[in-house]
Amino acid sequence: MDDAATPAAASDDQLREEVAAWLKANWDPSMRDNRHAWVTKVVEARWAAPRWPVEWYGRGLSNEQGRIVEREFARVGAPGTGQDRTQLYANTLLARGTPALKEKLIGPILKGEITMCLLYSEPGAGSDLAGIRTRAERVGDHYVVNGQKVWTSTAATADYGMLIARTNWDVPKHQGISFFFLPMKQAGVDVRPLRQITNESHFNEVFLTDAIAPVENLLGELGQGWSVLQTALAYERSVMGEGARGPRSGVAEASGEEPLIALAREAGVLANPLLRQDIARVIAYKRLNALNTARAKADLAQGTSSPVMSLGKLAMSRILHEEARLRTAILGAASLLEGPDHPRAEDANFLTLNAYFTSIGGGTDQIQRNIIGERVLGLPKEPEVDRDVPFREVRGG
Amino acid sequence: MATISAEERGALRDSVRRLLGDLGAEADVRRTMETDAGYDAELWRKLAEMGVAGLVVEEEYGGAGAGPLELELVMEEAGAALLCSPLLASGVLAAELLRALGDEAAKARLLPGVAAGTSIATVALTGDTGSWTPEGVAVTASQQDGSWRLDGEASYVIHGQNADILLVIANGGAQAFEVDPKAAGVTIEALPTFDHTLRLARVALAGAPGQLIHATEPVWAAVQQALDLALVALAGEQAGGARRCLDFTVDYAKSRIQFGRAIGSFQAIKHMASDLLLESESAISAARNAARALAEGAPDADAAISLAAFACAEAFSQTTATSIQMHGGIAFTWAHPAHLYLRRARADAQLFGAPAYHRERYLQQLGG
Chain V
1 MDDAATPAAA SDDQLREEVA AWLKANWDPS MRDNRHAWVT KVVEARWAAP RWPVEWYGRG
61 LSNEQGRIVE REFARVGAPG TGQDRTQLYA NTLLARGTPA LKEKLIGPIL KGEITMCLLY
121 SEPGAGSDLA GIRTRAERVG DHYVVNGQKV WTSTAATADY GMLIARTNWD VPKHQGISFF
181 FLPMKQAGVD VRPLRQITNE SHFNEVFLTD AIAPVENLLG ELGQGWSVLQ TALAYERSVM
241 GEGARGPRSG VAEASGEEPL IALAREAGVL ANPLLRQDIA RVIAYKRLNA LNTARAKADL
301 AQGTSSPVMS LGKLAMSRIL HEEARLRTAI LGAASLLEGP DHPRAEDANF LTLNAYFTSI
361 GGGTDQIQRN IIGERVLGLP KEPEVDRDVP FREVRGG
Chain Z
398 MATISAEERG ALRDSVRRLL GDLGAEADVR RTMETDAGYD AELWRKLAEM GVAGLVVEEE
458 YGGAGAGPLE LELVMEEAGA ALLCSPLLAS GVLAAELLRA LGDEAAKARL LPGVAAGTSI
518 ATVALTGDTG SWTPEGVAVT ASQQDGSWRL DGEASYVIHG QNADILLVIA NGGAQAFEVD
578 PKAAGVTIEA LPTFDHTLRL ARVALAGAPG QLIHATEPVW AAVQQALDLA LVALAGEQAG
638 GARRCLDFTV DYAKSRIQFG RAIGSFQAIK HMASDLLLES ESAISAARNA ARALAEGAPD
698 ADAAISLAAF ACAEAFSQTT ATSIQMHGGI AFTWAHPAHL YLRRARADAQ LFGAPAYHRE
758 RYLQQLGG
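Those protein sequence lines, which keep their order, are chains V and Z.
Numbering-wise, the numbering used here puts 125 at position 125 of the first sequence, and it's gapless, one number per residue.
So the number in the numbering used here is just where the residue sits in the second sequence, counting from 1, plus 397.
Keep in mind the hints are simulated off the structure, nothing from the lab.
Fair warning: this is a prediction, and the values are worked out from it, not measured in the lab.
You may find that some hints are simply not true.
Coverage of chain Z stretches by chain V, computed from C-beta distances (three or more under 8 Å per stretch; other residues unrestricted) [to be verified]: (1) 639-653; (2) 674-682; (3) 704-715; (4) 751-761.
All C-beta atoms in this analysis are idealised placements derived from N, C-alpha and C, irrespective of residue type, glycine included.
Assemble the whole structure, with the sequences as input and the hints as a guide.
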């Protein structure tokens with residue numbers, strides 16, 4: 001890309017003024033209608049990923065300075081910045097991609113011209129992700145991929161998928177994995193929607209039959225895919241704790257009251273002392289999680305790491321399951337119904353099922369507890385019977 | 398209130414931690430809890446020298462002029478070490494009540510001794526119901542020949558048996574009196590406590606003389622202010638106690654070997670520990686948030702305090718209860734400290750109202 005404009009280091013105030021001035025000169029809300037044109041402008045002005053190095057669309061800003069940019073964009077409601085924090089694919093590519101692949105894809109990803117999906121989990125490798133059995137074999141100047149992936153959202157429209165596949169079966173499981181950017185629009189890639197318990201289909205199964213990935217689409221060295229995956233997962237987890245989907249009916253709480261209190265009032269059960277205890281308990285879970293998150297961010301800003309950071313996902317699982325249970329208790333028999341005429345029941349029933357999206361997806365609560373126990377509390381790992389065994393000899397199923 | 402920087406606050410916390418490490422270790426706690434007084438005079442004197450006894454007392458009365466933020470941090474250390482002391486009764490509840498009542502003569506007469514730790518004050522409010530509400534007050538006061546006489550009883554009076562000054566709430570929370578514990582008509586009976594590190598007493602008043610403390614606002618508003626600060630202090634104690642209990646439990650899980658491996662490597666134990674980390678860290682967040690809200694006089698301070706009251710109580714209770722289970726047989730012995738923490742957790746969870754009471758208040762404060 002054009003590297004003529006090397007941004008000068010600036011004080012926080014100067015930076016704030018610079019962003020504000022640029023937005024004033026370039027942004028107006030009508031640009032929301034042409035997102036691509038706007039985001040392209042943001043990328044070219046180096047605001048899309050300002051924490052990144054200058055040679056890759058960035059300005060080399062600190063994390064805090066990046067927040068200043070994000071706050072200025074948020075103030076006027078302009079999208080497009082903060083991708084250095086939230087753009088999983090571009091961050092992974094920047095950290096581990098070959099120069100050729102970076103040159104080809106980083107710009108288009110930031111501009112939203114290329115969309116992507118994740119090809120990690122398999123029917124036989126869920127919590128034990130390192131147990132994948134999709135294989136990639138080198139043939140000439142490309143890899144040939146065979147296997148099956150699952151839980152892939154946006155697979156039908158994606159241009160590339162971040163794929164982990166086994167390239168060596170004679171070493172222990174973590175050592176024989178490689179990480180690829182797999183082109184999705186090819187004959188060897190068959191995407192089939194997966195109907196979820198919520199009756200939605202956000203995810204797909206992806207069948208790979210002699211699918212082709214060029215050699216320059218390998219990220220990291222051959223056999224180092226597990227460490228590339230850790231880089232990618234870290235980006236994914238950092239954005240995941242920040243929120244989950246709420247009720248989908250969109251029935252607004254006009255009063256601005258705490259939604260659970262409003263629901264109980266509407267259902268005529270706000271005086272029920274047992275439900276009152278329950279409502280307070282669930283609201284408290286939410287509030288405590290918000291306080292923990294705020295504390296973690298404050299600790300981080302002061303440069304001290306906080307054990308609270310890792311607890312967000314586990315806390316969110318509990319909040320979602322408990323809130324769904326409570327909504328059902330408040331509604332009582334009304335939760336027997338569904339459909340557009342029964343939006344409160346729809347909410348409670350949807351939330352009940354969708355809570356598993358958080359308590360299973362991205363690492364089950366049980367895996368999460370292992371991670372917290374081991375990485376935060378320093379408890380020893382469980383012995384792993386398959387750890388030092390050539391993968392060829394490891395039991396699957 | 399004095400302006401205290403984050404560094405000074407951290408330094409205060411560190412000094413308290415060091416002092417409790419030196420004079421308030423488990424053996425000291427065990428020795429102290431078997432004494433009648435239930436606190437170590439030497440440790441109390443050192444805490445007072447450090448400014449802890451008069452932490453929230455204004456500087457003009459010999460206090461440190463600090464506020465909820467400093468108090469909460471000190472109480473985290475007190476909870477972690479299971480400090481046996483009249484701090485909550487005297488330095489928090491009674492001191493704050495005197496400040497809130499605003500009777501300058503009473504403050505000048507009583508607060509310097511409280512701040513110096515040389516006199517111990519406590520608040521006698523609830524009767525045998527244990528309810529810290531106007532309805533819970535079981536003392537009546539009446540004026541005869543220009544002097545006040547008090548009748549009735551107050552129970553669950555913290556460190557009542559050690560008190561030099563009784564602040565007695567009477568007439569349904571409408572009035573507050575200073576009562577000399579040694580006066581005729583005052584009978585103080587020490588109550589046997591499940592938490593041996595706590596001292597409670599029952600005060601019976603039969604025509605006991607009391608000196609009316611004048612109030613610049615309704616007495617109950619002052620009581621509420623003192624209770625709010627006490628709840629913040631208690632939340633800090635609970636959060637600090639929970640975190641310390643989790644720490645020694647995790648340490649044990651790393652060193653205890655069964656089936657040829659550390660028990661902490663078993664997911665059954667690891668998952669319990671992870672859940673407790675969420676509880677104890679949430680307690681710390683809640684306690685510090687309540688302290689901040691109270692210090693700033695934030696509009697949501699009431700709700701923040703109620704939230705901390707039940708969240709910290711339950712986190713401490715759950716952590717200490719689960720800790721015993723995680724330890725196994727060793728923690729079923731008197732010699733192991735886990736039960737001392739469980740006893741403190743169970744006491745703290747009832748002292749100023751049970752978790753269900755604070756949850757109900759929380760819901761009301763949120764508009765429900």
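Comparing the hints with the structure gives:
no., hint, in the structure
1, 639-653, "holds (count 3)"
2, 674-682, "holds (count 6)"
3, 704-715, "holds (count 3)"
4, 751-761, "holds (count 5)"
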